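K.L.:
The whole structure should be built from the sequences, with the hints applied where relevant.
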Amino acid sequence: MVRVEGVRFGYGAGGFRLHVPSFVLEDRERVAIVGPSGSGKTTLLNLIAGILVPEEGKIDVAGIDVTALNETGRRRFRASQIGFVFQDFALLDYLSARQNIYYPYRITPALKLDAEVRDRAQALANACGIGDKLDRHPSALSQGEQQRVAICRALVTQPKLILSDEATGNLDPDSKVRILDLLFEQAQAAGAAVLAVTHDHELLPRFERVLDFAQFREKAPA
Amino acid sequence: MNALYLAFAYLRYHWARSLVLVLVAALIMFVPVATQTLLSSSERALVARGEATPLLLGSRGSQLDLTMAALYFGEERPDPVPMREVETVWDSGLGVPIPVHTAFSSSGFRIVGTTIDYFDFRQLTVSDGRGLSLLGDAVIGAKVAEALGKGAGDALVSSPENLFDLDGVYPLEMPIVGVLEQTNTPDDEAIFVDIKTAWVIQGIGHGHEDVVTATEVANGTAALANAAVVQYQRITSENIESFHFHGSQDDFPTSAVIVVPNDTRSATILKGRYLDAEGPTQLIEPAGVIQSLVDRIFRIKALLDVVTGIIAVAAFAAIGLAVFLSYRLRAREIATAVKLGARRGMVLRLLSSETVTLLLIAGGIAAVGAAIVSQNAEAWTGWLLTLGA
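Chains as they are written, first to last, in this note's numbering: chain A, 1 to 222; chain B, 1 to 389.
No wet-lab data here; the hints were simulated from the structure. What you are looking at is a predicted structure, and each value in this text was computed from that prediction instead of being measured. Glycine residues also receive a C-beta, built at the ideal position from the N, C-alpha and C atoms. It cannot be assumed that every hint is accurate.
Claimed, not checked - What follows is a list of derived Cβ distance ranges for each label pair:
(1) A:GLU5 to B:ARG332: 31 to 37 Å
(2) A:ASP88 to B:LEU321: 47 to 53 Å
(3) A:ASP88 to B:TYR327: 17 to 23 Å
(4) A:PRO109 to B:ALA335: 30 to 36 Å
Claimed, not checked - One-sided and incomplete, this derived list gives chain B residues near chain A with beta-carbon spacing under 8 Å:
(5) THR264
(6) ARG265
(7) ARG332
(8) GLU333
(9) THR336
(10) ALA337
(11) LEU340
(12) GLY341
(13) ALA342
(14) ARG343
(15) MET346
P.N.:
Structure (structure tokens):
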């Protein structure tokens with residue numbers, strides 16, 4: 001699903017530098033990325049999603065060479081192939097849960113909001129246990145419910161890859177396990193791989209593989 | 001469409017903020033337009049009335065007071081001019097004099113004592129009832145009828161006032177015999193009576209109860225002065241014959257005299273006769289007085305425009321700041337949108353949709369307001385011009 005080869009990236013001269021010689025994420029695989037803060041975990045997610053562009057190396061996602069795409073191509077690729085789940089849920093307070101799930105369709109012409117999408121959103125919400133709360137705004141939902149809405153939003157576009165950045169970081173211990181299981185369950189049902197950044201070592205046994213990121217950080221040249 | 005949908009959703013969710021921004025923006029747009037419309041309409045109405053009144057004769061003093069009292073029935077009270085001045089103009093054969101007595105009011109509307117010539121001169125027609133024919137009759141303007149809910153067959157009572165007459169003024173009940181067609185001029189807000197009726201209100205003319213019999217007169221015992229003599233407050237068919245005026249009509253007062261000259265030459269001759277700065281009367285051209293008033297108003301308006309402009313700039317800056325702060329507050333949303341695949345242009349379109357939507361709604365409200373003002377400008381101008389009458 002994801003193949004990273006010889007990728008180098010740095011934030012300006014003298015700043016943080018990242019070197020990933022090789023990394024592979026298989027189809028439907030669930031991999032956790034751990035490592036100290038500032039080691040570049042989120043940067044790798046952004047490189048894979050095409051939000052950042054590496055200085056050198058190649059990133060291949062679902063057969064698409066992301067590094068070869070231009071800005072427009074990367075946006076389309078992101079909208080259609082990647083599902084994001086964020087630590088802070090990143091829901092919009094002014095939209096209902098339903099409209100938050102539709103949000104990716106509202107902001108990019110690469111996706112079309114039709115009846116099929118609406119049915120899929122409802123089915124996802126039912127599966128996540130929030131089917132009866134879709135008309136509520138985020139402020140009227142619990143943290144766990146908000147993250148469920150975020151998971152539905154990540155999956156509604158039927159992506160092949162879910163990038164999760166500390167998705168359970170703001171949840172209580174019980175909710176963490178439930179939400180992660182739900183994410184895996186739904187990703188499995190959609191046939192999507194999951195690459196998740198986490199600091200929570202208690203959750204690591206639930207992943208198929210763990211990637212320690214400390215090994216990839218380079219010291220900035222003097 | 002998606003950008004608009006999101007913009008509407010944002011504005012609806014933050015309705016209080018949106019409402020304040022919309023109202024402020026609408027006000028900024030509406031006020032200058034409404035002011036301009038009303039001022040232009042006022043100018044047209046003022047100038048039209050002034051131009052439709054060729055000459056105005058009155059006591060020497062403020063020309064503006066004279067004009068406002070005689071043309072707009074304002075609350076100005078120029079010194080009265082004696083009726084002999086009316087006769088003088090008649091005798092000259094140079095024009096038609098129309099006395100206008102505007103000293104009294106009823107229910108907040110000016111009572112205008114005049115002659116039948118006034119109705120022909122202003123081309124006023126009766127929409128309901130009939131014109132003036134008997135002492136005490138009143139014909140009311142359309143706005144008076146509307147405001148008081150009265151029409152032909154009802155009655156009005158003059159407000160008790162002391163004016164020229166030191167003996168006091170007796171309220172007079174006047175039957176309304178007609179309602180005038182609306183003209184969107186100060187005539188709509190006036191109560192017209194014959195000038196003799198105005199004199200009755202003033203106490204110059206009055207009636208007596210028939211306490212003095214023919215026998216008493218024959219016996220030389222008639223009561224010439226009697227505390228029992230009753231001042232009538234209502235003129236009826238039974239007592240109308242008893243009404244009479246004391247003194248010479250030449251000395252009776254009127255507020256002003258509209259003079260309609262036969263032609264330009266007559267006007268010039270007439271004007272020449274009142275040039276004496278020491279004379280008790282003056283003959284003025286209302287159009288000139290009004291024009292100078294309008295010029296003064298527009299000089300003030302220019303100042304107001306500058307003030308409005310400064311306020312508008314400040315208010316738009318405040319709106320801009322509010323919108324900018326809103327953009328800053330939404331930085332996280334923008335970052336999320338970019339991560340999910342939105343292009344920067346889409347984000348900008350989303351944010352500008354909100355601003356444009358706000359301004360369009362505000363513009364719509366301002367436009368509706370301006371249309372209402374524009375539609376009613378003539379009527380409201382008429383009301384404004386007679387305000388305080």
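K.L.:
Does each hint hold? Answer for all of them.
P.N.:
Here's how the hints hold up against the structure:
no. : hint                             : result
1   : A:GLU5 to B:ARG332: 31 to 37 Å   : holds, 33 Å
2   : A:ASP88 to B:LEU321: 47 to 53 Å  : violated, 27 Å
3   : A:ASP88 to B:TYR327: 17 to 23 Å  : holds, 19 Å
4   : A:PRO109 to B:ALA335: 30 to 36 Å : violated, 20 Å
5   : THR264                           : violated, 72 Å
6   : ARG265                           : violated, 78 Å
7   : ARG332                           : holds, 7 Å
8   : GLU333                           : holds, 6 Å
9   : THR336                           : holds, 4 Å
10  : ALA337                           : holds, 5 Å
11  : LEU340                           : holds, 5 Å
12  : GLY341                           : holds, 3 Å
13  : ALA342                           : holds, 4 Å
14  : ARG343                           : holds, 6 Å
15  : MET346                           : holds, 6 Å
Hints 2, 4, 5, 6 from the earlier list are contradicted by this structure; the remaining hints agree with it.
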